[in-house]
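Engineer: What follows is each chain in one-letter form.
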Amino acid sequence: MSTAKHIPNITPAAMADPRDVGGPRQPLLRAQNLLKHFPLKRKGLDFRGPKPVVRAVDGVSFDIKKGETLGVVGESGCGKSTTARLLMQLTLQDKGELIFDGQTVGSSSLPLREFRRQTQMVFQDSYSSLNPRMTIEDSVAFGPTVHGVTQRAALARAHDLLARVGLDPARFAGRYPHELSGGQRQRVNIARALALEPRLVILDEAVSALDKSVEAQVLNLLEDLKRDFGLTYLFISHDLHVVRYVSDRVLVMYLGQVVEVGPADQVFDAPRHPYTRALLQSMPSTDPLQRTTEAPLSGDPPNPIDPPPGCRFHTRCAFAQPVCGQQVPQFVEPAPGHGVACLRWQPESGYEPMPDFPRPSPAPAKSLMPLNAAVASEMPDIFPEARRG
Amino acid sequence: MSAVLPPSAMPTPAPVAVVRSRSHGANVMRRLLRNPIAMTAAAVILLLVLVAIFAPWIMPADPFATSMFKRLKPIGTPGFPLGTDELGRDMLSRLMLGGRLSLFMGIAPVLMAFVIGSGIGILAGYAGGGINTVLMRCVDVLYAFPSVLLAIALSGALGAGITNALVSLTVVFVPQIARIAESVTTQVRRSDYVDAARASGASAFTIVHRHVLGNVIGPIFVYATSLISVSMILASGLSFLGLGVKPPQPEWGLMLNTLRTAIYSQPWIAALPGVLIFVTSVSFNMLADGLRTAMEVKQ
Numbered sequence: 084m085s086t087a088k089h090i091p092n093i094t095p096a097a098m099a100d101p102r103d104v105g106g107p108r109q110p111l112l113r114a115q116n117l118l119k120h121f122p123l124k125r126k127g128l129d130f131r132g133p134k135p136v137v138r139a140v141d142g143v144s145f146d147i148k149k150g151e152t153l154g155v156v157g158e159s160g161c162g163k164s165t166t167a168r169l170l171m172q173l174t175l176q177d178k179g180e181l182i183f184d185g186q187t188v189g190s191s192s193l194p195l196r197e198f199r200r201q202t203q204m205v206f207q208d209s210y211s212s213l214n215p216r217m218t219i220e221d222s223v224a225f226g227p228t229v230h231g232v233t234q235r236a237a238l239a240r241a242h243d244l245l246a247r248v249g250l251d252p253a254r255f256a257g258r259y260p261h262e263l264s265g266g267q268r269q270r271v272n273i274a275r276a277l278a279l280e281p282r283l284v285i286l287d288e289a290v291s292a293l294d295k296s297v298e299a300q301v302l303n304l305l306e307d308l309k310r311d312f313g314l315t316y317l318f319i320s321h322d323l324h325v326v327r328y329v330s331d332r333v334l335v336m337y338l339g340q341v342v343e344v345g346p347a348d349q350v351f352d353a354p355r356h357p358y359t360r361a362l363l364q365s366m367p368s369t370d371p372l373q374r375t376t377e378a379p380l381s382g383d384p385p386n387p388i389d390p391p392p393g394c395r396f397h398t399r400c401a402f403a404q405p406v407c408g409q410q411v412p413q414f415v416e417p418a419p420g421h422g423v424a425c426l427r428w429q430p431e432s433g434y435e436p437m438p439d440f441p442r443p444s445p446a447p448a449k450s451l452m453p454l455n456a457a458v459a460s461e462m463p464d465i466f467p468e469a470r471r472g
Numbered sequence: 020m021s022a023v024l025p026p027s028a029m030p031t032p033a034p035v036a037v038v039r040s041r042s043h044g045a046n047v048m049r050r051l052l053r054n055p056i057a058m059t060a061a062a063v064i065l066l067l068v069l070v071a072i073f074a075p076w077i078m079p080a081d082p083f084a085t086s087m088f089k090r091l092k093p094i095g096t097p098g099f100p101l102g103t104d105e106l107g108r109d110m111l112s113r114l115m116l117g118g119r120l121s122l123f124m125g126i127a128p129v130l131m132a133f134v135i136g137s138g139i140g141i142l143a144g145y146a147g148g149g150i151n152t153v154l155m156r157c158v159d160v161l162y163a164f165p166s167v168l169l170a171i172a173l174s175g176a177l178g179a180g181i182t183n184a185l186v187s188l189t190v191v192f193v194p195q196i197a198r199i200a201e202s203v204t205t206q207v208r209r210s211d212y213v214d215a216a217r218a219s220g221a222s223a224f225t226i227v228h229r230h231v232l233g234n235v236i237g238p239i240f241v242y243a244t245s246l247i248s249v250s251m252i253l254a255s256g257l258s259f260l261g262l263g264v265k266p267p268q269p270e271w272g273l274m275l276n277t278l279r280t281a282i283y284s285q286p287w288i289a290a291l292p293g294v295l296i297f298v299t300s301v302s303f304n305m306l307a308d309g310l311r312t313a314m315e316v317k318q
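Chains as they are written, first to last, in my numbering: chain A, 84 to 472; chain B, 20 to 318.
Bound conformation, chain A alone (with noise of 0.2 Å):
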């Protein structure tokens, strides 16, 4: 998996489906631009300057390629799930557009009925994302009718992919979402994100919910789906560690924007944003000898109803420079693939150049080494896929 990782991954089933329009090298997912603001009330009797609202997405442009798995990451409320309601067109952007294989979505060579046919969404919460009055069959099965299938024909599809998330129909068809357990639920979500057969799937936090060893039993479903399918993910997770294990790319966001997208590889070993830096440094490692011994970062993000001016990280960033809080970096790709929105990558900024960051310094402590090494070999191989790589 790993050894691919850098170049695009063109699946062959991406490239054989017969309703690819723009060929393998056309994104199959393009956001433009796009913009959410919720409006807030005004407090009391203040009708000056304009009506303040939640920049919850500001401008947020990113591709997705055919066949790979784009991981998002971020702080809390920093815009992962908005984005993903924009994307799923559940929440209407302000501005921007979406471009789904070349054709703009919501046009008339695309209409949003047609572009929802070829985009589901998993959910985070499996057991509010299901109907309570209704079976596993026929939640799994209501995609389809809606596009015409017969309901024979549905429930039969619905059937099949029970028994392909590995939930026999037999016995599990006929339930109601609480009489299964959390990962069954999830399951059943997955399914019903089949069932309408897409091109690209988006998975909000869809394994965050689940304990360790059922979350790596449907990760694992996730790349066979995947691989058999042909689709393409959106992987947007709060969990470093499974989002490095399952992307192709990541792409990081801080208070509603982008700050730094590149292969998973690269972002995650040679991290260019210092908010990314600091956002890895937070990762608990399993090493004891790689202990986090000071806080990434301190603080709350700064309010989305007021951004700071200049880059929004200036006032957490360590390496902040007075010019930070007055220019907005632009986005930049100092190495093909691999883009950053930081003024330190800005030749022309006026950001003094200063040493790269200093690498962490691991402890030397030698005689917990082997005690490590015994645990590790202990451990049950539960991603034997990443310990290869």
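Hints are computed from structural coordinates only; laboratory data are not their basis. One or more of the hints may lead you astray.
Claimed, not checked - If you only want the chain A side, here are some residues facing chain B, beta carbon under 8 Å, derived: (1) M171; (2) F206; (3) S212; (4) N214; (5) F225; (6) V229; (7) L279; (8) L304; (9) L308; (10) K309; (11) A401.
What the hints assert, rightly or not - Computed spacing ranges between beta-carbons, pair by pair: (12) A401/A x T225/B: 46 to 56 Å; (13) T225/B x A353/A: 45 to 55 Å; (14) T225/B x D311/A: 23 to 33 Å; (15) L372/A x R49/B: 54 to 64 Å.
To be verified - One side of the interface only, derived from the structure: several residues of chain A facing chain B at Cβ under 10 Å: (16) F198; (17) H230; (18) R254; (19) R258; (20) A278.
Treat the numbers as computed from the prediction; the structure is a model and nothing was measured. Note that CB positions come from ideal geometry on N, CA and C, so glycine has one too.
Position chain B against the provided structure of chain A, taking the given hints into account.
Structural biologist: Relative to chain A, chain B alone:
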């Protein structure tokens, strides 16, 4: 509307035989049947309804036959087990026949308001935004009046009569049911399964029909059931004021009105229609309560 999906890559055999779980409705019914209070209430209501329906055939005497010599006979008089009213008519027969109109005036306005109010509330709750604001503010205007006052004012304006009483009571209950329907629908509207249904490309009508209705109708129905007793009392009140049923037609509220002159001579007979109104409304309340408990347990 749209073409059939492209042929699936998977083989599609016929649906397999599936072990079905008990549906939500069956579970609610099972829990309701185990609730002794709700079952007693249901039995009382069933008895009252049956007696009212079959009243013309099982009445011991003619409820309209007056007699100046048999006025206000006490309970237990031979031939008149529950005595006679101020015009000498058989109380038992009149109470049996009166149940028809009283129960009708309790159930019919609530049923009509249930249909109209649910429609308004679900539309407002699902549409949200401006439509919600307009609809719910209109409903609030009606809601601002005390229900008794509104019923009397409307009946008074429309004139006496059963139909007008029915209409005015319906208008009284529509805002109450619409508000409940709106709040329940708004809650369901925000749930992920409605989002998932929207994401599948279903139209608003399909989503309301398949996903919203089943989840909101239960709570609205429970609330409506509890209004039946209120409706009966209000209808009785209208009849008492001479705005509902007209004499000599028997109806419990009207009987209470005409018998009030006998409150000192035959207090027990004067109280009889009131006792029936009380028993019926308490029974409906108990049943609604049981229904609510039966639905509340796990979804």
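Engineer: Sort out which numbered hints this structure fails and list those numbers smallest first.
Structural biologist: 8, 9, 10 and 11
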